[in-house]
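Chemist: Sequence:
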Amino acid sequence: MLINLNHISKSFGTNSLLKDVCLQLNSGEKAGLVGRNGCGKTTLFRLINGEVEADRGELYKHPQVKIGLMQQILLFDSNRTVFDEAVSVFSSLEDQGREIEALEGEIESKAHQVELQPLLDRYAQLQTRWEMEGGYSYKPKTKSVLAGLGFQETDLTKSLSQLSGGELNRLNLAKLLLSKPTLLLLDEPTNHLDISAVEWLENFLVDYPHAFILISHDRYLLDTVVNKIWEIADGRAAEFSGNYSRYVVERENRFLLSTRAYEQQRELIEKTEDFIRRNIAGQNTKQAQSRRKALEKMERIQPIQNAKPPAKFRFDVHRQSGSLVFKISDLDIGYTGKILARRINLSLFRGERVGVVGPNGSGKTTLLKTILGLQTPLNGEVLRGRDVEIGFYDQTLSDINPGSTVLEEIRSISRLDTDETLRGYLARFLFQGDEVFRFVSSLSGGEKTRLALAKLIFSKANTLILDEPTNHLDIPSCEALEAALRSYSGTLIIVSHDRYLISRLVQQIVYLDGKGTFRNFKGTYEEFQSSIMASENMIKDNLPPLKSDKGVTNYEVSLPSSRSGLSKNQRNKVESRCTLLEQEIQRTEEQLEITSGKLSEPSIAKDFTQFKEFSDLHQHLTSRLDQLYLEWEGSLAILETQTAKIRNP
Numbered sequence: 001m002l003i004n005l006n007h008i009s010k011s012f013g014t015n016s017l018l019k020d021v022c023l024q025l026n027s028g029e030k031a032g033l034v035g036r037n038g039c040g041k042t043t044l045f046r047l048i049n050g051e052v053e054a055d056r057g058e059l060y061k062h063p064q065v066k067i068g069l070m071q072q073i074l075l076f077d078s079n080r081t082v083f084d085e086a087v088s089v090f091s092s093l094e095d096q097g098r099e100i101e102a103l104e105g106e107i108e109s110k111a112h113q114v115e116l117q118p119l120l121d122r123y124a125q126l127q128t129r130w131e132m133e134g135g136y137s138y139k140p141k142t143k144s145v146l147a148g149l150g151f152q153e154t155d156l157t158k159s160l161s162q163l164s165g166g167e168l169n170r171l172n173l174a175k176l177l178l179s180k181p182t183l184l185l186l187d188e189p190t191n192h193l194d195i196s197a198v199e200w201l202e203n204f205l206v207d208y209p210h211a212f213i214l215i216s217h218d219r220y221l222l223d224t225v226v227n228k229i230w231e232i233a234d235g236r237a238a239e240f241s242g243n244y245s246r247y248v249v250e251r252e253n254r255f256l257l258s259t260r261a262y263e264q265q266r267e268l269i270e271k272t273e274d275f276i277r278r279n280i281a282g283q284n285t286k287q288a289q290s291r292r293k294a295l296e297k298m299e300r301i302q303p304i305q306n307a308k309p310p311a312k313f314r315f316d317v318h319r320q321s322g323s324l325v326f327k328i329s330d331l332d333i334g335y336t337g338k339i340l341a342r343r344i345n346l347s348l349f350r351g352e353r354v355g356v357v358g359p360n361g362s363g364k365t366t367l368l369k370t371i372l373g374l375q376t377p378l379n380g381e382v383l384r385g386r387d388v389e390i391g392f393y394d395q396t397l398s399d400i401n402p403g404s405t406v407l408e409e410i411r412s413i414s415r416l417d418t419d420e421t422l423r424g425y426l427a428r429f430l431f432q433g434d435e436v437f438r439f440v441s442s443l444s445g446g447e448k449t450r451l452a453l454a455k456l457i458f459s460k461a462n463t464l465i466l467d468e469p470t471n472h473l474d475i476p477s478c479e480a481l482e483a484a485l486r487s488y489s490g491t492l493i494i495v496s497h498d499r500y501l502i503s504r505l506v507q508q509i510v511y512l513d514g515k516g517t518f519r520n521f522k523g524t525y526e527e528f529q530s531s532i533m534a535s536e537n538m539i540k541d542n543l544p545p546l547k548s549d550k551g552v553t554n555y556e557v558s559l560p561s562s563r564s565g566l567s568k569n570q571r572n573k574v575e576s577r578c579t580l581l582e583q584e585i586q587r588t589e590e591q592l593e594i595t596s597g598k599l600s601e602p603s604i605a606k607d608f609t610q611f612k613e614f615s616d617l618h619q620h621l622t623s624r625l626d627q628l629y630l631e632w633e634g635s636l637a638i639l640e641t642q643t644a645k646i647r648n649p
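Note that the numbering used here numbers the sequence shown so that position 488 is 488, with each residue one more than the last.
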């Protein structure tokens, strides 16, 4: 057992955050901590980390537990480089390395064997210890983690004073992961990460050998990396086994069972009280008194309170746009002296839903602002269709004034409605009572996001352009936003690192690779991940992509509706496809074996650029191989179905 929270309670003033919390975490367990913004999740972390004390209850921590928590206030030496700051986690190995270097110099300066022997003995001891503790691997490991979190090789020599707030947070996360505590406390670690970095973090946590507790609004991440869920609601904690999806089902089941038991007990109590009233003064007085005593001793069932309703998002459209919404022709985006993406050609039609993805700095926000006309293109043009009315959500929340109240912000876009009407509207977004008179500057990040979305929804635009709309939202609000966008009848362009949201909403992906290349993919996010990304990286690494026969896409062919099955020509195409797939599988397996060998070479492990290239290549080859086998199995299934039809006409 690593930690045990036994009847823990914590209040701040009159605000009771945690009430009688009982939770336990064992070695190697991986828990997701969920609940609404402000419910006490971060306070629980601070209690576990020893930053605050509980008002009541006991907190046990194993004597050997090493806790790692991301600090919100970042303290760095601004003159240090990114790499030096990250590698400072291994200060003991750094000190040993310097001592070894000093001994090497001293050994070289000694001329007599007698004087050398004590130094050589000390050198051998230090060298053995240094190797056993990871002296040869800690620098490549540091570079690998930094690369996984989105740092380029050129970033490693930057001074910390040159980094943005988001980059400093990523560096802080890298240091935490490199320190490998026996209990890792992660509070929204995907903030400031692009999708590729989130996926890298996901793989890291899947393989993490120790325990962790994760606070995150990323449902994909919670589904993949945790084996239990801790929920905080109304100050109380409940534990659920399994990942997030299983928790959602189990929580609903518990609520239904609790409600049923509560109703059955209430019915029993009412019948008993009725019997007591009718018989307390009559012939059955003793029975009535006996039942009264039993009723007094009865332990009353407290029903599980269903979650407080989330904000009510609903995107209506004032009027439809024309069929063509945007036509983008030969568009270059970026800034003077720096092109982020070239020759973007894209036509967007009414009702289409597009997700824009790519690494940080690839130009996603710049593309949105260029489409909106807020930024001048370097080349090309953006034509807007007829009757297009745009609603824009800016992740910087520039559309809301910190000096205004919540009510004033809504009134600024609706002069005709009464305060009563506007307050009723704001209540849908959980701004109730006197909360509408709070200044925007006093709102939390989640509250500001809800206010910005309230203004956006009020506009009833037929085209929505959203830049990271789930930032600062808790999971219930993310789910409410997702449901509203799924029922939205207009056109949608969305930038988001929330893979769950993207996968549920869009049917088209625009990918900016950060190297000036633009890709437009028709299909879901999962289809894009499994095919386009793999194919693109195979080309980049000079590995030829699989060539399709004319008229055949993947393993799908046009099957006739009759029982006659495939025509001879169709069967020949599928057989040819199988042969090509088998050849490509063999080539890919050979490449994968070579790449695995390269990754184990010490010279590669010490070279940041080569190590990252081969790591990326290994990942892409593995993904490519899975895709090829899936397609090959599908082709075989088609042939087997055809053979069965021939045998059993």
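These aren't lab readings, by the way, just hints derived from the structure by calculation. These numbers were taken from a predicted model, which means no experiment stands behind them. Please note: incorrect hints may appear among the correct ones.
Claimed, not checked - Heads up, simulated BS3-like pairs for lysine-lysine below, C-alpha to C-alpha not over 27 angstroms straight-line:
id : residue 1 : residue 2
1  : LYS460    : LYS327
2  : LYS338    : LYS19
3  : LYS158    : LYS141
4  : LYS110    : LYS61
5  : LYS19     : LYS327
6  : LYS515    : LYS312
7  : LYS61     : LYS180
8  : LYS30     : LYS158
9  : LYS515    : LYS598
10 : LYS30     : LYS271
11 : LYS271    : LYS293
12 : LYS369    : LYS522
13 : LYS271    : LYS312
14 : LYS228    : LYS293
15 : LYS61     : LYS228
16 : LYS448    : LYS460
17 : LYS312    : LYS327
18 : LYS139    : LYS66
19 : LYS327    : LYS522
20 : LYS139    : LYS110
21 : LYS293    : LYS327
22 : LYS312    : LYS30
23 : LYS286    : LYS271
24 : LYS180    : LYS228
25 : LYS158    : LYS180
26 : LYS158    : LYS66
27 : LYS312    : LYS297
28 : LYS515    : LYS327
29 : LYS369    : LYS455
30 : LYS312    : LYS455
Chemist: Could you tell me which of the hints above the structure violates, numbers in ascending order?
Modeler: 2, 4, 5, 6, 8, 10, 13, 14, 17, 20, 21, 22, 26, 27
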